[in-house]
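> These are the residues of each chain, in order.
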Amino acid sequence: MPCLPNMAVLRGNNLSKKFPGVLALDKVDIEIKSGKVHALVGANGAGKSTLVKILTGYYDSYDGSVTIDNQEVILRTPFDALHNGIEVVHQEVDTQLVPTLTVAENLYLENFANRYGTIVSTRDLKKKAEKDLSDIGFPIPAFEKVENLSLHEKQQLVIARALLHKVKFLILDEPTSSLSLIEAEKLFELVKKLKARDVGILYISQRLDEIQIVADEVTVLRNGRKAAYFEHVPQLSKIVEAMLDSPQEDLFPKKDLRQFGQEILRVEDLKCLNRVNGVSFSVRKGEILAITGLTGAGKTETLKAIFGAIRANNGKIFVNGKQIKITSPVDAIKSGIYLVPEERRKEGLILDKSARENITIPFLKNFCGFLGKILKKNECNHAKSLAEKVRLVPFDIERQAQYFSGGNQQKIVVSRWLGGKPKVLLLDEPTQGVDVGAKKEIYQLIIQVAKESAVILATSEINEAVGIADRILVMRNGKIVAELTYENADSKAIMSYAAGVKQ
Amino acid sequence: MKDRMTNFLLKYGVITALVVLIVFFSLSTRAFFSLDNFFDILRAVSILTIVAIGVTFSVVVNGMDVSVGAVTGFAVIFSTALMVIWQIPWYIAIVGALLAGIGIGLLNSFLILKLRIPDLLATLGTLYLAQGLQMWITKGDAVYRGMTNPWDPMRQVTKGFIPKEFLTIGQGFVFKTENFRGIPVPVIIMLCVVLITWFLLEFTRFGRAFYAVGGNIEAARLAGIPVKKYRTAAYVISALLATLGGLVLASRIGSGAVKAGDPYLLDAVASTYFGFAVLGVRRPNVWGTFLGAVFVGVMLNGLTMLNTPWYIQDFIKGLVLVSALGISFAIRKESR
Amino acid sequence: MKDRMTNFLLKYGVITALVVLIVFFSLSTRAFFSLDNFFDILRAVSILTIVAIGVTFSVVVNGMDVSVGAVTGFAVIFSTALMVIWQIPWYIAIVGALLAGIGIGLLNSFLILKLRIPDLLATLGTLYLAQGLQMWITKGDAVYRGMTNPWDPMRQVTKGFIPKEFLTIGQGFVFKTENFRGIPVPVIIMLCVVLITWFLLEFTRFGRAFYAVGGNIEAARLAGIPVKKYRTAAYVISALLATLGGLVLASRIGSGAVKAGDPYLLDAVASTYFGFAVLGVRRPNVWGTFLGAVFVGVMLNGLTMLNTPWYIQDFIKGLVLVSALGISFAIRKESR
Amino acid sequence: QVQLPKKFENPKNVRIALVREVGEGSFFERYLAGAQSMARELGVTLLEATAHGDMARMVTMIENFITQRVDAIIIDHGRPDPLMPKIKEALDRGIRVVTFDLVVDDNRVPEIEQDDLLIGYLISKQLAVDFAGNANVIYVNVGGFAPLDKRDKMWQIIKWRFPGIKEVAKIGAVTGSTAADTQTRMEAAMKEKPEANAVLAMWDEFAKGAVRAIMQAGKSDQFKVYSVDVTTEDIQMMIQQNSPWVATVGTDSYAVGRLAVRAAAALVGGEKLPKYLLVEPQLITRQFLVDNNITNMDELVKALPALGESNLVWPEWLKALTEKNKK
Ligand SMILES: Nc1ncnc2c1ncn2[C@@H]1O[C@H](COP(=O)(O)OP(=O)(O)OP(=O)(O)O)[C@@H](O)[C@H]1O
Ligand SMILES: Nc1ncnc2c1ncn2[C@@H]1O[C@H](COP(=O)(O)OP(=O)(O)OP(=O)(O)O)[C@@H](O)[C@H]1O
Ligand SMILES: [Mg+2]
Ligand SMILES: [Mg+2]
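Top to bottom, those sequences are chains R, D, A and Z.
With the first letter of the first sequence counted as 1, position 311 gets the number 311 in the working numbering; the numbers rise by one all the way through.
With the first letter of the second sequence counted as 1, position 131 gets the number 1131 in the working numbering; the numbers rise by one all the way through.
With the first letter of the third sequence counted as 1, position 240 gets the number 2240 in the working numbering; the numbers rise by one all the way through.
With the first letter of the fourth sequence counted as 1, position 120 gets the number 3120 in the working numbering; the numbers rise by one all the way through.
No lab work stands behind these hints: they were computed from the structure.
The structure displayed is predicted, hence computed values, not measured ones.
Some clues are possibly wrong.
[To be verified] Taking lysine to aspartate or glutamate pairs in the EDC-like style, the calculated list, with each CA pair at most 20 Å apart, reads:
| hint | chain 1 | residue 1 | chain 2 | residue 2 |
| --- | --- | --- | --- | --- |
| 1 | R | 346 | A | 2218 |
| 2 | R | 346 | D | 1218 |
| 3 | R | 128 | R | 153 |
| 4 | D | 1139 | Z | 3149 |
| 5 | R | 166 | R | 130 |
[Unchecked claim] If you want the footprint, here are the derived chain Z segments under chain A, 3+ residues with CB under 8 Å:
| hint | segment |
| --- | --- |
| 6 | 3005-3018 |
| 7 | 3057-3066 |
| 8 | 3165-3172 |
Every residue, glycine too, gets a C-beta built ideally from N, C-alpha and C.
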């Protein structure tokens, strides 16, 4: 691995960025030092990604200046940033990879932009990639097409690529939001190694507990401004206080009632591709059932199969004791089973449509008159009432979905299902990339929904499962390996089941 | 203030350009500005508009149907062949052609949805098929009264003909008065298609669903929209409107010429994208498509009246298209 | 075992189909299976292949260039007009046409990249422009020796002609021996284009960059690849190859016919997508495109030798295209 | 002094529209040039519109000219079924109509026609005679186009008359680039039918493709090509060294264009014209061209005056009008 002897400081001075109608970043100073991990936290929409994009040359204009060792550098294109040794792993890694090319080709993508060598030998490329990857310690197949990789393999690939470039400053934008704990721990190890090699790291995360593990210093953003700076990582409550306008109590709301009605959904021996191998469980009215496990354990597939979004090879599904056939989401919705999918931008939202249209889409029939004509007023009122329920911010239902922050996008997807009468609400990683404030709101929402129906929550955050669920299923390799109730739920035990340490 | 101006130009730039064109032609030719000529122009673009709205549907669901021109031509040959060669009543010929159109639409969706052939490629295949069928039906001949029956080994002359009722579709007028020639039937048909599809796409949940499928198919699917049905519907509507255009064309030319529909493909795609791009709506939409077709129609009509040499009309058409687009996109870019 | 079979079919299905076709034609006709006919087929598809590879480039960067047919036609008219009407030496005419081609490519990229007009729409505009220019240059006439000069008010007969050297491009042979007619020059040109572009796209960093731009433009940009340059290059290459195709066509027919390039558009797009879809590579690629063109060429040659009536050849072409695609996609679907 | 019809006192106000089905190619270019030259000589206004082969567009153009109330419309090619109603409409509104190569069953409409039956007969006969009644012919023609069908009729008759004339292959397709396509098909047909020794192409676009295929295959000695229509482009190909193109039959479209405008003007001036204005086709052989050193249409017309200016439709006042405009 490359090694950089000299210490360096990347400094952003008075950085501002304005979008039509929004001041996304307002005179923010930040300093990243070699060999240090600087954590950047803030609520959704606080401006973290905007800051990252400035530092990586994504925007061709911004106010303020950036210096490296007191030398001003101008970052107008990604190329400028690369030139100055600044690299980033984006929140959505897919934007950084070419899905139709192989791992090896993606690994040396930057080389294709430069002048070294015109002729590329596929075999040499593969050999080199295999060597480089094994040096770094990432077991990614060099000749696989990137579109076939899992999310965390893609992330590793991007990090590997940065390392190959002798990166000086590495920015990690919510790298763990879609990683399981074990994978996250691997990442922390990696961060430590990088630190030892004098790489300066800007680490962005919504999972505050990680900050304590990896960070040396912390900057908190709020509404585009710098709200606080801590030279050493303080108590988490302090960070939360700086992040949010109001002081925060417990993240997980207390659930007072633990009484359940009759069984609403029963799944028997569900099998699907080779990712779900015979899953059976049932939920009752009023119950929150969490399914947890590592990435790739098959949580998403289980939920999608129940919802009819992917075809199950085997299995029976009973709703209210009656067996039903679900071959498509349409069937599932008719039976009162709703899904909030994992990747909200890809699977949840129609980005260039208004929040209103995104909210009313599944039950639009209810607001239609003769010939399917939409009664606009009814639709608006409906959308507004649902947006109110989830406390959408900003409360502007005509704004396009893509211009909401991540947390609020999630709220839009959740709110759409509150318009029907869910019997079972399936939530797949509902708080991924969501700030603490919004997280809490979503938890409250879940508890509210659970009063009238059953909720199944797939999550790789074990804390979340323990904090909110009445019962927890642990999945591993497409099978349920453990079942715990809230009384005997404990993170360590779950972890060891999930990792296969305990059988 | 400046923003307002930009916005206005963006939204109404093409309409303004159209008005300027109309004023210019009205001043420089004798016959341009008259009610009759107005309807002449609309009649001239009626077939294109109908076909182009079909393409618009395929683009709304984020697909593309390049078979429309060939399907239009197929409808021309098929409907007239039914009447002339096989001497079938005109109304059955119409129904037959429309059913065949639906069949082609279903074939397209089968190729695209079941076999997952990329839409451009699948509809290209259908294009060749429909073109081939046209020629096969008549063995390369055109269809006209008194033709020799290509399927008769004796090569006898056919007795069939295209009746008046069928010709009314393309050549008739309604609402005649003493001083007024009446409104051409194709214009009425076109306006019906425009109004119905506009209502469908803009004001109903079906339209919402079409746009949702085009906007993000996976999200639409997970929100409970039967996306396959909508995509199938889009391709069927596209083929059906192409067939309708073909019927109007057949009636307008009162005979069946092979490959008569071919020129409509490019113009229909151009109208769709023109309307998509220029009205400031940033999505395929019925009025934009209509406007695109009318724009071309006004220009061709006016240029002919000005006695512009035929060989530079195409060039002018291209120039106007490119500059209209260029200006409108340049404005948009600045406003960003 | 079964998987292997599927994989084989996927990869070599079309090649197998091609071989079957060749065997069939060889057995059922006298003249099909011969070296001369082999080169005749290659020569017949040479222009299409060259143009189609241009389209392949635009598709590689995830765009689309529909102006190629019109550009091909423009090159035919422009190069011959330079020689015949303006009596310019043949080599300057070639250079002039190629420069004009580059100009058109740059216009396309200007419209697409600077003005951000959607590619399909922008190239449609260029299509109309190039088509219009063709007719303007000759005022609708074809270009041939002894024509009256359309730009001379006295309408005098031009003295220019198309010299032998130029005709060699389309009609010459090289490597003649006593028993062997030689390899046609267009085939050599085509093979050069195929090999060069294949090398460029598969074995150089430029090729990787082209594919990267097409696969994920944002990622390519973030990786520091100058995406605008590559997209510009793709459209310029596309126009340039269309022009080269036009030069071969002009030389092959030895005169300039208006709109001679039009039929190449659809076939070129079809070849590109065919090659893309069928070879199991799942991305536009030079050999696939070439194979697509050859497939169609073999079919047309064989069918003509079988004395199939011309009016069903199109239908058969469509049928074979659709079934080849259908089968290959059906296999792929099952293998998933 | 001849009395001019009232309308022609100021001939500029006489507006004659020319609606053509196609404009591309040397035949139609020359036709337009002829029409324009006649219009210039008469001093009338000629409006022209070209439909690019699109029948619906042709109908629209006629409608437009009716709306504009021109004095006369010349309709060049096209199909009777679509155009008949429009022609009737024009006539009913007092607009005069002349057609070229378009059959119209209305006595008010004079039809100019190159006599296609005669064309078909002349060229087929020439082939049969040249080969002394024994030939293996590759026939290039398609159905569905009225003039081509008429020519085909005569070919059938010649085959019936000379049983030794055999049609060994039939090729041809009308596409966007007919000549290039024919060339490709001809290459295949030549190889498949090595016994073939003659080509009969009923349209010069076909002939161009066939001739190129033959010459490029170096089989000029083996083949003789017979065709229809004559343009400068065709002449150039015929007189090339080794050209297998031995004969063609045609008329000069320049003269036809002049005749069409003249006929339209005469009608506007109140002249009665015969129903059929047949332009007689002429046989042109390669030998004739070579012997007389002919390289283009103008020279051909000089050498073969029968191809030139038609003596049809020359009422005194039209002659007078041209004289007057010459000054
Ligand atoms: N291109 C844009 N146009 C308009 N507004 C934008 C644009 N990009 C970002 N914003 C706005 O700027 C603000 C800051 O967004 P940013 O993405 O930086 O937040 P963030 O801190 O990364 O949030 P999250 O935790 O949800 O990722 C938000 O209000 C967002 O809506
Ligand atoms: N067809 C596939 N080919 C390769 N990888 C896949 C495929 N389908 C899913 N994956 C990847 O494998 C993992 C799959 O399993 P699944 O989504 O069921 O697990 P999960 O327990 O929900 O994991 P996560 O925590 O990522 O949601 C995902 O990260 C996904 O990116
Ligand atoms: Mg962010
Ligand atoms: Mg998951």
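> For the pair supplied as a hint, residue 346 of chain R and residue 2218 of chain A, confirm whether the alpha-carbon distance does not exceed 20 Å.
Answer holds: residue 346 of chain R to residue 2218 of chain A is near 16 Å, not above 20 Å.
> When I compare C-beta atoms, does the segment 3057-3066 of chain Z have three or more residues closer than 8 Å to chain A?
violated (count 0)
> Count the residues of the segment 3165-3172 of chain Z with a beta-carbon closer than 8 Å to any beta-carbon of chain A: does the count reach three?
Coverage by chain A holds for the segment 3165-3172 of chain Z (4 residues, Cβ < 8 Å).
> Check whether the Cα positions of residue 166 of chain R and residue 130 of chain R lie no farther apart than 20 Å.
With a Cα-Cα distance of about 18 Å, the restraint between residue 166 of chain R and residue 130 of chain R holds, given a limit of 20 Å.
> Residue 1139 of chain D and residue 3149 of chain Z were given as a pair; does the straight-line alpha-carbon distance stay at or below 20 Å?
Distance of about 13 Å is within 20 Å: holds.
> Between the alpha carbons of residue 346 of chain R and residue 1218 of chain D, is the straight-line distance 20 Å or under?
Distance ~7 Å between residue 346 of chain R and residue 1218 of chain D Cα, so the pair holds.
> Going straight from one Cα to the other, do residue 128 of chain R and residue 153 of chain R come out at no more than 20 Å?
18 Å, holds
> Is the listed coverage of the segment 3005-3018 of chain Z by chain A valid when you require three or more residues with a beta carbon under 8 Å from a beta carbon of that chain?
Coverage by chain A is violated for the segment 3005-3018 of chain Z (0 residues, Cβ < 8 Å).
Checked against the numbered hints given earlier, the structure breaks hints 6 and 7 and satisfies all the rest.
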